[in-house]
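K.L.:
Given next are the chains, with one letter for each unit.
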Amino acid sequence: MQKCTACNLPETYETIEFDENGVCNICRQKDYKDEKINWEKRAQMLAELVEKHRGKYEYDCIVPFSGGKDSTYTLWYLVKKFKVRPLVVQFNHGFMRDTLMENNRRTFKKLGVDVISFTPNWKLVKRLMLETLVRKGDFCWHCHTGIFAYPMHIALKYQVPLIFWGEPSSEYTAYYDYEDEEIECVDETRFNRFINLGITAEDMYGMIKDDYQCDPRELSPYTYPPLRDLKRLKYQSVCLGSFIPWDVKANTKIIQEELGWRGDQVEGMPWDEYSYEKIECSMQGMRDYIKYLKRGYSRVSQMVALDLRNERISKEYGDKLVAEYEGRKPPSLTLFLEYLGISEDQFNHIVAKTVVPPFKPDFDNMEYAPKTHDFDRWYREDEQDQGIIYKAKVE
Amino acid sequence: MIGILDIGLGNIQSVFNAVYENGYDPILVTEPSQLADITHFIMPGVGNFSAVSQQLETLGFTGAIKDFIASGNPTLGICLGMQLLATNSLEGGLSTGLEIISAQVKPINEITELPVPHVGWNEAKFTQQHPIFENIKDCRDFYFVHSYHMACDSSENILAITDYGEPLVCIVAKGNVVGVQFHPEKSQKNGMQLLENFCEWDGVWQPSESAHTIDQQVTNIAV
Ligand SMILES: [Zn+2]
Chain A
1 MQKCTACNLP ETYETIEFDE NGVCNICRQK DYKDEKINWE KRAQMLAELV
51 EKHRGKYEYD CIVPFSGGKD STYTLWYLVK KFKVRPLVVQ FNHGFMRDTL
101 MENNRRTFKK LGVDVISFTP NWKLVKRLML ETLVRKGDFC WHCHTGIFAY
151 PMHIALKYQV PLIFWGEPSS EYTAYYDYED EEIECVDETR FNRFINLGIT
201 AEDMYGMIKD DYQCDPRELS PYTYPPLRDL KRLKYQSVCL GSFIPWDVKA
251 NTKIIQEELG WRGDQVEGMP WDEYSYEKIE CSMQGMRDYI KYLKRGYSRV
301 SQMVALDLRN ERISKEYGDK LVAEYEGRKP PSLTLFLEYL GISEDQFNHI
351 VAKTVVPPFK PDFDNMEYAP KTHDFDRWYR EDEQDQGIIY KAKVE
Chain B
1001 MIGILDIGLG NIQSVFNAVY ENGYDPILVT EPSQLADITH FIMPGVGNFS
1051 AVSQQLETLG FTGAIKDFIA SGNPTLGICL GMQLLATNSL EGGLSTGLEI
1101 ISAQVKPINE ITELPVPHVG WNEAKFTQQH PIFENIKDCR DFYFVHSYHM
1151 ACDSSENILA ITDYGEPLVC IVAKGNVVGV QFHPEKSQKN GMQLLENFCE
1201 WDGVWQPSES AHTIDQQVTN IAV
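Listed in order, the protein sequences are those of chains A and B. Those letters in the first sequence? Residues 1 to 395, per the numbering used here, in order. Those letters in the second sequence? Residues 1001 to 1223, per the numbering used here, in order.
There may be inaccurate statements among the hints.
[Claimed, not checked] Selected chain A positions facing chain B (Cβ under 10 Å, derived; list incomplete):
1. Leu156
2. Glu184
3. Asp187
4. Thr189
5. Arg217
6. Pro226
7. Leu227
8. Arg228
9. Leu230
10. Lys231
11. Arg232
Just so you know, the hints here were simulated from the structure itself, not pulled from any lab data. If you're wondering where the values come from, they're calculated on a predicted model, not measured in any experiment. We put the CB at the ideal spot given by N, CA and C, even for glycine.
Please model the complete structure; the sequences and the hints are all you need to start from.
P.N.:
Put into structure tokens, the structure is as follows:
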């Protein structure tokens, strides 16, 4: 596989392109961000945006919150720097880990904020996971869509037009262009293009209704609200990272010091180097594993690429991390198979159909990654609840 | 209140829906007296110039629209609705327009060999600034379907051009009136933004001081 000569990302990475020197577009974009963005002007835009909305509604803004480093930093920044009164909205995908819950509790108390937490129906979640695993090789549809759609419903219910997300997606991919002086809107366009895997909630209902007992209303947390309603609200759904430079390591340090935020072990990752990324979900290891099986790289490569780009590690060290950690099988695979009621062979068979050439996974020779400290406390389904409860087949 | 001209000549549902989706409650204007109830007026573009201008006259709209415009209310013409703002048109035999903007509507195939109608996505290159361009960047794509183009007498009235073998005028303006040759209601995000901007516009606009300097780039568009 071809790899970027600067950051090592492979050709199977989404939206990647290489120039004549073999340097990828994401590396080149980073150069642009460093040199040409007028951050002073952006900071002024941010201040104007906040002042425009301050004190006008029940809350000054909505902060969708996962408890990861980006949303935690966003909440900290808005409360501390702007003294806003936010409504924190949390979509519980069903896999929140102990450290994360402790972090959240501490953060909410230290910052003194109001919080709404929403947990959708687990039985439906399992059915949704299986459907998108089979169709897209990505079992997180309920999480992607819920996290982005649900806070918009809350914005409408409370009539709060300003919504602050954390990091702009251009940090990782080239879908949005820094060069365009464009403030990325987290709107339905982005939802339909990048979030919902091309499956709307209506589509989803049609896909599962024949075998699964489901009221169409149960899909509403995963449905983007009508544009007209959002327009009438004059909504502004933006990323804090569009207005201030987003330095993940510096941000993490701040929330560690100010909020006692703690990182965590993530299956299949080097725990010493990357203890602060994607700690929100006990199925993260599964997600990374599937990515590896599909594309021949996992988040180890992605994290190394980011560090190489920021000149934080040497290429040799990066290569070593990738060789040592990438492509290991997470212990959570067992739990995952129990949730969905499928065997590992069935799982491999499903994933094999979504592999991105030229990569070819070797399903039979995957070594297990070690268990994380909290593995034994992760939710396990009783035997009688394993798998999905299907309707009796209607002929 | 936003009013959309509906004289029964074609489907205006997509314009109605686009304005509605933007959060407004538009009404259909089917008789001239309704113009008194609205603040913003949209003339969508369907049909043949001479037939439509004839119909406007018959229904008593010609004078009413001129009065509405003269009172300073924001008015938007889309496609044929933009061309109706011109002095006259050659489509369907020489016929008179609303005479708001000094221009003649002519066949595209007089100036370019490219196939007619001009259908599909094409870039709008701004030649002047305007409040309805807020949050829309220069050189974005919009959706076109037309066989005639508007040849303006003065570049003061030209806001944007599009390249179809030759430069064609694609947005015009005069005071409280704007016209767009493309279909904003079929132009996705930027089209929706343009419609929203129009609905929020107070109808105030002056041509830029430097408007005359663009004369050179647009010589072949002027009559
Ligand atoms: Zn690169």
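K.L.:
Are Arg232 of chain A and chain B close enough, Cβ to Cβ, to be under 10 Å, as the hint says?
P.N.:
holds (4 Å)
K.L.:
Taking the closest Cβ pair, is Thr189 of chain A under 10 Å from chain B?
P.N.:
Holds, because the Cβ-Cβ distance from Thr189 of chain A to chain B comes to roughly 6 Å (cut-off 10 Å).
K.L.:
Using Cβ atoms only, decide whether Lys231 of chain A comes closer than 10 Å to chain B, and label the hint accordingly.
P.N.:
Interface hint status for Lys231 of chain A: holds (3 Å vs cutoff 10 Å).
K.L.:
Does Arg217 of chain A pass the interface check with chain B, least Cβ-Cβ distance below 10 Å?
P.N.:
violated (23 Å)
K.L.:
Quick check on the hint: Pro226 of chain A CB to chain B CB, less than 10 Å?
P.N.:
With a minimum Cβ separation of about 8 Å from chain B (threshold 10 Å), the hint on Pro226 of chain A holds.
K.L.:
Let's test the interface hint: is any C-beta of chain B closer than 10 Å to that of Glu184 of chain A?
P.N.:
Violated, because the Cβ-Cβ distance from Glu184 of chain A to chain B comes to roughly 13 Å (cut-off 10 Å).
K.L.:
Under 10 Å is the threshold here; is the Cβ of Arg228 of chain A close enough to any Cβ of chain B for the hint to stand?
P.N.:
holds (5 Å)
K.L.:
Are Leu227 of chain A and chain B close enough, Cβ to Cβ, to be under 10 Å, as the hint says?
P.N.:
holds (5 Å)
K.L.:
Close enough to count: is the Cβ of Leu230 of chain A nearer than 10 Å to one in chain B?
P.N.:
holds (8 Å)
K.L.:
Does the nearest C-beta of chain B fall within a distance shorter than 10 Å of the C-beta of Leu156 of chain A?
P.N.:
The hint is violated - Leu156 of chain A has no Cβ within 10 Å of chain B, the shortest such distance being about 12 Å.
K.L.:
For the restraint on Asp187 of chain A, tell me whether the closest CB of chain B is nearer than 10 Å.
P.N.:
holds (9 Å)
In summary, the numbered hints that this structure violates are 1, 2, 5.
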